[in-house]
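In order, the protein sequence lines correspond to chains A, B and C.
Each residue of the first sequence is one higher than the last, beginning at 1 in my numbering.
Each residue of the second sequence is one higher than the last, beginning at 1001 in my numbering.
Each residue of the third sequence is one higher than the last, beginning at 2001 in my numbering.
Calculated from the structure, these hints are not laboratory results.
Don't take each hint at face value.
Unchecked claim - With a straight-line Cα cutoff of 20 Å, these simulated EDC-like cross-link-like pairs (lysine to aspartate or glutamate) come out: (1) C:K2249 x C:E2272; (2) A:K334 x C:E2055; (3) B:K1109 x B:E1136; (4) B:K1180 x C:E2062; (5) B:K1170 x C:E2323; (6) A:K334 x B:D1188; (7) B:K1180 x C:E2058; (8) A:K271 x C:D2014; (9) C:K2262 x C:E2323; (10) B:K1167 x B:E1136.
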Amino acid sequence: MNYYATVNNTLEFIKENALIVGIIAAFCVVAITVGMWKVFQKAGKHPWMAVIPFARDYTLTEIGSTGLIGVLAYVILPILGIINLNGIRYFYDLNKGASKPIYAILFVLGTIFLAIALFFHVLSSIKLSNAFEKGTGFLIGLILLPPVFLLILGLDQSKYVRSVSTSLGLKASRAISNTLIYIVLVIMAIIWLVPFVCIVLQSFRTESTWSVGYVLPKQWGFQNYVDLWNSNFKRWYLNTFIIALIVAALQTIIVLCMSYTLSRFRFKLRKGLMQFMLILGMFPGMLTMIILYRVLKDLGLTESHAVPGLVLVYIASSGMGYYVSKGFFDTIPKSLDEAARVDGATRAQVLYKIILPLAKPIVIYTILTAFMAPWGDFVFAKYVSFEDPVGMNVAVGLWKWLTPDMINQRYTMFCAGGVIVAIPVAVLFMCLQKYYVEGVTGGAVKG
Amino acid sequence: MKRYTDMEYLRLPKGRKLLYKIAAFFCAIPRALKNGALGIVRAIGNFFRSIGLEFADIFKTFVNGDWKTKLSFFVMGFGNIARGQILRGLLFLLFEAAFIFYMIFAGAKWLSMLPSLGKVGPHEVYNAVLDTHTTEYGDNSFKILLYGVLTVFFIVAFIYTWRVNIKQNKIAEQILKSGKPLKSGKDDLRSLVDDSFHRTLLALPLTGILIFTVMPIVFMILVAFTNYSGSNDGYFNSLFTWVGLENFNTVLSWNGSGGVYSATFGEVLTWTLIWAFFATFTNYFLGMFVAMMINKKGIRLKKVWRTILVLTIAIPQFISLLYVSKMFDKNGIVNGLLKDLGIIDHVIDFWGSTAHDAILPRVMVIVINIWIGIPYLMLIATGILMNIPADLYESAKIDGASGWKQFSKITLPYMLFITGPYLLTSFTGNMNNFNVIYLLTGGNPINNAASSAAGSVGYTDLLITWLFKITTTTGTKYYMASVIGILVFIVVALISLVVYNVLPSIKNEEDFQ
Amino acid sequence: MASVKLTKVKKIYDNKVVAVHDFDLDIKDKEFVVFVGPSGCGKSTTLRMIAGLEEISEGTVEIDGVVVNDLQPKDRNIAMVFQNYALYPHMTVYDNIAFSLRLQKMPEDLIYEKVTKAAEILGITEYLMRKPRALSGGQRQRVAIGRAMVRESKVFLMDEPLSNLDAKLRNQMRAEIILLRQKLNTTFIYVTHDQTEAMTLADRIVIMKDGFIMQVGTPAECFDMPANLFVAEFIGAPKMNIIKCELLKENGRYYVTPFGAKIEVDGEKGQELARRDVKPGKILLGVRPEHITLAQQGGIPTRLEVNEMMGSELHLHVYTEDETRLIVRVPTIGLTNEQRKGMTYGSALNITFEGKVMHFFDPETEKNMLCD
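Let the hints inform the model, and build the full structure from the sequences given.
If you want it as structure tokens, here you go:
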């Protein structure tokens, strides 16, 4: 590791990208120095040490006397990174233009090495910050500093990496990048799946009801599901299911009416109506909750009779959510309507003979989202049902089980309930995923 | 700021170009605000002008109309009936009768009480027959305000219908004069599925929006000018009154008795904006990145990767959020595992309990939001990426662009161009992202400094969760909730106004249409 | 089978843009009328107003003597073929054609008879059970026509029906439309931007520009006696050469002076000028490319810029000494091999033309001086 090469590289890079590097570098240098300065000050060391590179590392080791290994691991990352990047460069310089698979292997190995180092770096950072008994800001700083530093040093190395990969030929370089992508994807898949796997596993745990520090149950059993069956959960589930069904039907009709009209008819107030709804949408929906609750209460549609009340609340304003399906209707050529009208169809016949059959994807999308929303709704359900045991939906009911005074008895039942709720919804979603993707993408493109 | 012509701009060095663009963006903001304000002023002007024209037209119709028309000014629908349009006429007549009936028996009373919101609350009355004191319910301010608003709505609707009635008379006269027949009731009914099918279609959705969105919002805006809170909502006290701008003063003034409220508001607003920024852009770029990885040529099992990610959409959010929040609990799996592995000695309090640990919970909600949000963005980005014409990339490759250049010069501008409006809506959506915050942290850790006066506000509380807390838990100060709601609206509206007015100037430079 | 009468029809859009100005036209029963003009001239708008797809701002449209302004499209007894065919993608060809008949609640066996008959005429019988996306462009076009045919309506409207087809297919379909017209024997209104289509199909052409009618007449009238400069340039391909020059009158004879040459206006044109006693002065002289001939000597000296070999003829793009570009159409049959080889970039050519082929336009009003 030599500092002169680093300085040279940095100088080269600075010449090319003066502005960006200047800003980032200045920011980082100041941040690093100030951070270390403060740490040193608190630890009773000479703060000026923070400015001198090697002395700084030494002082850091000295302070973290409880975790010497931690400090070493912390320092190892930048060194590994720089060796890796510079190593590629030196190899390349030594064998200019030569194409040998050994570089590919070295490169992949180095990168994996770097990933491992990164992992240990995070661990050692946690250890270090624990040793210092400092706040989280400190920990985050510790975790982020070396990678940021590395990034700055490494940025200009990318051209060497690229020349290595071109010297390897298209096939090999693609294999390298694909390998890296696979590594990232596998890690992501694990992160995305872990919570769901955990929740399923914990729903079968019978030895204790509240959270424990391990994943695999020591005693397996269906006790949680049995308990679930004997609790109010049945009622909540039914409530939610009924709400979801009715909302799916009515909301779809309303949304389709609204979006078809706004897409196809040109009446006087159309623009004004759309702008008005845009402005209405800027008010937080929760604001209307207070009065709706009072009115529903006067009508006797709250607490234990919250189901019809919730249905009313969900569907009432669903006309405002016309945007995605209007975007879809806009893509159906207008000449189809015109042809049908010339052929003798009334506007209503145009809608159900021509447009609706063509709008199948968006109809399914609307039904799907309308059906799924009540399963996840929390705010209105909590407010309208007022946490009444028979009026709640699953979201509120299960949420209540996780409040501090119930969590000790109900935690594993929550897991079981979550599984029961998630399975049908997730299966339905996965079956109709195609339509969902179409709707979501269309909606985003149309804005 | 000095403006460059196009030719001058092209000759600027790279860094100056960037600086110029940034400066231009910020210089455009006041102009955008000005344009927006001017637009509003103009709209108001137009509104009054058109009202003037309406009056002139009403007057002219009365002077020029025949006796049937003149009578219709007082008996709605008379002209229609007299000219043979029985159905329409009857509807008008019915509406007028209903309106007059309502006004006499209810509307007038509510309207007259609206200025005071009621004077007599519930009180004990001596009942001579039973020889006890019984409670007599007096005026109920909530009902007065609600029915008052309703009555005003009715009056507006009546005036509008009256105007339509007059217009129809005028048109009918003209049609008869030109010797054509008028539409019969049957024609009217038939046109409901044909010519004016849109009225049929819109009737239901708009009624819903009017009753369940517009009216409550009007009501809640009015509440912001009262002192309506949970304590005057009960049996013993059902009175509240107008207080003018006092509530706004409490929240917005930086000194005086409202000091704590205003400081809290500032703090929560700042965090809300920071949160919305990070939640939007981390998701956006990471989601795009993931989509590009999965879509890359030669990556197998594309469907599997996608399906795994999409799980977070498929499973109701409250389950995953609640579970994840418990995973990172002090006694949760993550801490347990870290301890078992010997990495930590004391548990890490991810959700924080002390004030100086506000950063970790904040970072945690942003990180977990990434976990939730990446799949959406991945789906959206996948759809858009596939629509980028392949020849753009082909020609870039021939021009010698590297992978990074292809991304920064083609993919990114294209994505930003297409999803510009989406970014805006997702930013404002994140400002109001109740679920993620409430289910993960519940707004905690508690911000003691701010909480004393303004309810239990936490460091991760957004304006929207604060609003929720005010309305449900601490003292239920409805008036404060609606003030905050209005302020949220103003912030969102301002951001939208600026972005809508500034965006196109940026957009036009990279036209992909 | 009906007449269509448009009286002072006007289209004003919401943004106050006037798309069609006072459009007057009387279409006789069984006539084939073509609206032609560059894009944005209001021809499609006019057609759509006749169909009832666009509101009529002012004026009246009568079909068979009945004012149809307030009638829905379905009540006007018209049939229409759209530019992009507008086939219902979710229905088979059979259902597409039968759609309007079913809306009329016609019995199914009658529908079957009518649809199969129409399919036979159009040669699409074997595709009846296919969905539109499985058809080629030409087949889709036929289905669209079939759908309009079975309605047996009074007026047959076609909005650029051939513009989505490739050149070869377009020629073929054009011929088929001529045949179809003889079979259907009804009133046709046809919109196109292609002057060849207009010339070949129409009984009468309506040439439009910026919402105004430029000329109404038979194809021959429009070609031989264009009412103004626009029509002269629009009809005929390659387009007419326009030359700025003087009209002289010497001893009762008229002469024009293109590029310094002096050519006598003889024949009918000369007599007509004399009859109208046209004042000499600056004019715009129009000569069609096919009426210019190559002169062995004399004539106007030019140089060749581009030589387009079209097979039976050459299109020569030449420029004169004052850099005016002209196009000359020369039949290949009249040229020797040597002459053809000599026609390369920059080679000198002398051109000339006769008086009887000239068109005279007023430089101020751009109107034809021999036409009212």
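Measure nothing beyond the straight line between the CA atoms of A:K334 and B:D1188; if it is 20 Å or shorter, mark the hint as holding.
-> Violated, because 26 Å separates the two Cα atoms, which is more than 20 Å.
Starting from C:K2249, check that the Cα of C:E2272 is at most 20 Å away, please.
-> 13 Å, holds
When you check the alpha-carbon spacing of A:K271 and C:D2014, does it fall within 20 Å?
-> 13 Å, holds
Quickly compare the C-alpha distance for B:K1180 and C:E2058 to 20 Å and report which way the hint goes.
-> 16 Å, holds
Could you grab the alpha-carbon distance between B:K1109 and B:E1136 and see if it respects the 20 Å cut-off?
-> 19 Å, holds
Under the criterion that the straight-line Cα-Cα distance not exceed 20 Å, is the pair B:K1180, C:E2062 satisfied?
-> Roughly 15 Å between the alpha carbons, so the hint for B:K1180 and C:E2062 holds.
B:K1170 paired with C:E2323 [C-alpha distance capped at 20 Å] | 65 Å, violated
Can the restraint linking C:K2262 and C:E2323 be considered satisfied, given a maximum Cα separation of 20 Å?
-> 19 Å, holds
For the pair supplied as a hint, B:K1167 and B:E1136, is the alpha-carbon distance within the 20 Å limit?
-> 49 Å, violated
CA of A:K334 to CA of C:E2055, is that 20 Å or under?
-> The given pair, whose Cα atoms are some 16 Å apart, holds under the 20 Å limit.
In summary, the structure is inconsistent with hints 5, 6, 10 from the numbered list given earlier, while agreeing with the others.
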